[in-house]
Amino acid sequence: MQENYSYWLVTKLKEKLGLKTDSDIAEKIDGLNQGNVAHIKAGRRHLTPEQALYIAQECNLDVGEVLVRLDMEKTKSEAVRVALGGVLKRIAGAVAGIVLIMGLMTTPASDDSLAVS
Numbered sequence: 003m004q005e006n007y008s009y010w011l012v013t014k015l016k017e018k019l020g021l022k023t024d025s026d027i028a029e030k031i032d033g034l035n036q037g038n039v040a041h042i043k044a045g046r047r048h049l050t051p052e053q054a055l056y057i058a059q060e061c062n063l064d065v066g067e068v069l070v071r072l073d074m075e076k077t078k079s080e081a082v083r084v085a086l087g088g089v090l091k092r093i094a095g096a097v098a099g100i101v102l103i104m105g106l107m108t109t110p111a112s113d114d115s116l117a118v119s
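Numbering-wise, the sequence shown is residues 3 to 119 according to the working numbering.
No wet-lab data here; the hints were simulated from the structure. Only a predicted model underlies this, so the values are computations on that prediction, with no experimental measurement involved. Note that beta-carbon positions come from the ideal geometry of N, C-alpha and C, so glycine has one too. Please note: incorrect hints may appear among the correct ones.
Said to hold, decoys possible - Distance ranges between label pairs, derived from CB positions:
| hint | residue 1 | residue 2 | range |
| --- | --- | --- | --- |
| 1 | Ala44 | Thr109 | 44 to 50 Å |
| 2 | Thr23 | Ala85 | 35 to 41 Å |
| 3 | Ala40 | Ile100 | 18 to 24 Å |
| 4 | Ser25 | Glu52 | 18 to 24 Å |
| 5 | Glu29 | Asn62 | 27 to 33 Å |
| 6 | Met104 | Asp32 | 30 to 36 Å |
| 7 | Thr109 | Ala85 | 25 to 31 Å |
| 8 | Gly20 | Glu80 | 34 to 40 Å |
What the hints assert, rightly or not - Calculated pairs, SDA-like style, for lysine to any residue (alpha carbon to alpha carbon, straight line, at most 25 Å):
| hint | residue 1 | residue 2 |
| --- | --- | --- |
| 9 | Lys22 | Gly45 |
| 10 | Lys78 | His41 |
| 11 | Lys91 | Glu60 |
| 12 | Lys78 | Met107 |
| 13 | Lys78 | Glu60 |
| 14 | Lys14 | Asn62 |
| 15 | Lys18 | Lys78 |
| 16 | Lys22 | Asn35 |
| 17 | Lys76 | Ala40 |
| 18 | Lys78 | Asn62 |
| 19 | Lys14 | Ala28 |
With the sequences and hints as input, model every part of the structure.
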């Protein structure tokens, strides 16, 4: 996980929207100002779940993963962080399984009897 996940999310949105300054990004996210962005950058503040949800939707990120990672960043308890990490692994496993199934569903079956001679 990124050291400062909230700022990673802010940077991701900044890149997606082609914004240059912290002031520009603060205008795009409800409840943020340039000072808040500076505190997020320094690790003294975190995004709210609503702000993280907005960024996830704008950047086409997995909402569940973003919210779990945000909780992992915010918690002070190592036990909670480890438990949330387990949830994140299960989410990743489920997504991988779905992608595999979808890939199998869209792959044409090989049938040599249909081959044109």
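Exercise. When the hints from earlier in the document are held up against this structure, which numbers fail?
Worked result: 3, 5, 7, 12, 13, 15, 18
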